[in-house]
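Participant: Model the full assembly from the supplied sequences, consistent with the hints where possible.
Number of protein chains: 2
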Amino acid sequence: MKNILDRNQNKAEEVRRLLESRKVMMINIISSPGAGKTTLLERTCEVMAGEVRLGVIEGDVTTDRDAQRLKKYNIPIVAINTEGGCHLDSHSISMALEHFDLDSLDLLIVENVGNLICPSQFDLGETFKLAVVSTAEGDDKPAKYPMLFSEARAVILNKTDLIPYTNFRMDSFMVDMAAINPRITIIKLSALKGEGLEEWFSWLRMQLAAYSAG
Amino acid sequence: MKNILDRNQNKAEEVRRLLESRKVMMINIISSPGAGKTTLLERTCEVMAGEVRLGVIEGDVTTDRDAQRLKKYNIPIVAINTEGGCHLDSHSISMALEHFDLDSLDLLIVENVGNLICPSQFDLGETFKLAVVSTAEGDDKPAKYPMLFSEARAVILNKTDLIPYTNFRMDSFMVDMAAINPRITIIKLSALKGEGLEEWFSWLRMQLAAYSAG
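These protein sequences, in sequence, are chains A and B. If you read the first sequence in my numbering, its first letter stands for residue 1, the second for the next number, and so on. If you read the second sequence in my numbering, its first letter stands for residue 1, the second for the next number, and so on.
Simulated from the structure, these hints should not be mistaken for lab results. Computed from a predicted structure; not experimentally measured. Keep in mind that the hints are not guaranteed to be accurate.
Which residues of chain B face chain A? A partial, calculated answer using Cβ under 7 Å [unchecked claim]: (1) Cys86; (2) Ala136; (3) Lys144; (4) Phe201; (5) Trp203.
For glycine and all other residues, C-beta sits at the position ideal for the given N, C-alpha and C.
Facilitator: Here it is, written out as structure tokens:
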């Protein structure tokens, strides 16, 4: 296992250097199945594809359903089918990158396989990790699965429109998050209902500006 | 990896023989984080602990929060902390079994780590796997993560009370499930709201009767 992680890390550093040389910011989105990664990506394509040159890598276990959902945005998409594998790794990303014209991209978003545990161990060469968690999963997810949340630069708390119908306690979620990662940015929104998206877009624009400023 | 799976399978067969010799039915519950495994277990303890001799093995990545939630039911519980590991295996179950008096048990429920992918590869020696999926995760989860759903004897579709507030399409879910596993039992309920639980208890009683009849 240590060997696998070491080889992944080496290739990730190579990917990171390549992307930096081409000035492409890469986000690695990680969440449980059904937290709303693809819906967030749809909303993000709708708005950001007109502002920046955007590409997507779609990781899926057995299907290419998520890649299909994004086709209408007319952006470059590469689908990686892990054939049962529980996470993406830097080698599959490196191969996927060969299908993009990196000089024509500003932002590459990777949608990892739906899994809150294994993907957090595998550096893909991303600029940063973005965690997505849905209010319907309960407020205890950061405390129970701290690996991802301690590393991510931001967490999107999705499906805020469902809070009135669940036993999600915001104070408990915020206290746990602060204990695990006091510097993390927390963005609350409902990707499906379109609520709170402006905060996400503003934050994303800030990250792009900071990245291109070097 | 093949080696790990082979060793797991051998130990799982040993666990299965041991449990059969003591007439203990074991259920391996698998779901994404936050689908509602622990809440279902709470409801199940409330009702079934008075009918059968029930024990629980609680798998968690870093905490023992789920085991704590079940303490009030005064049943034997063993917590397994996987220390970051993404699934339970038959060796940890075998060691946990040493802490139970198996002759005083009819039913042992294992709550696996919250992960829809890796746990489905590891036979624990269970009588059957039970999948839990929440309506808030979306109707496409069986199609996107078929490994678990093709093996499970039943799937609990939890959080049915949230359907009016989501884009979950029941017909799409049912069609996909039938394609993946036409023999699977589908039980719809809301563990939090207490709706539909009787169907789950009836089905569970049937499985227990069939198991003890041999």
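Participant: So, Ala136 of chain B near chain A? Judge it on the closest CB pair being under 7 Å.
Facilitator: With Cβ-Cβ at 3 Å, under 7 Å, it holds.
Participant: Does Lys144 of chain B meet its interface restraint, that is, does its C-beta lie within less than 7 Å of any C-beta in chain A?
Facilitator: 6 Å, holds
Participant: Are Phe201 of chain B and chain A close enough, Cβ to Cβ, to be under 7 Å, as the hint says?
Facilitator: 22 Å, violated
Participant: May I ask you to test the interface hint for Cys86 of chain B with respect to chain A, counting a Cβ-Cβ separation under 7 Å as satisfied?
Facilitator: Status holds, d = 4 Å.
Participant: Quick check on Trp203 of chain B please, does its C-beta sit within 7 Å of some C-beta on chain A?
Facilitator: 24 Å, violated
The structure is inconsistent with the numbered hints 4 and 5, although it conforms to all the rest.
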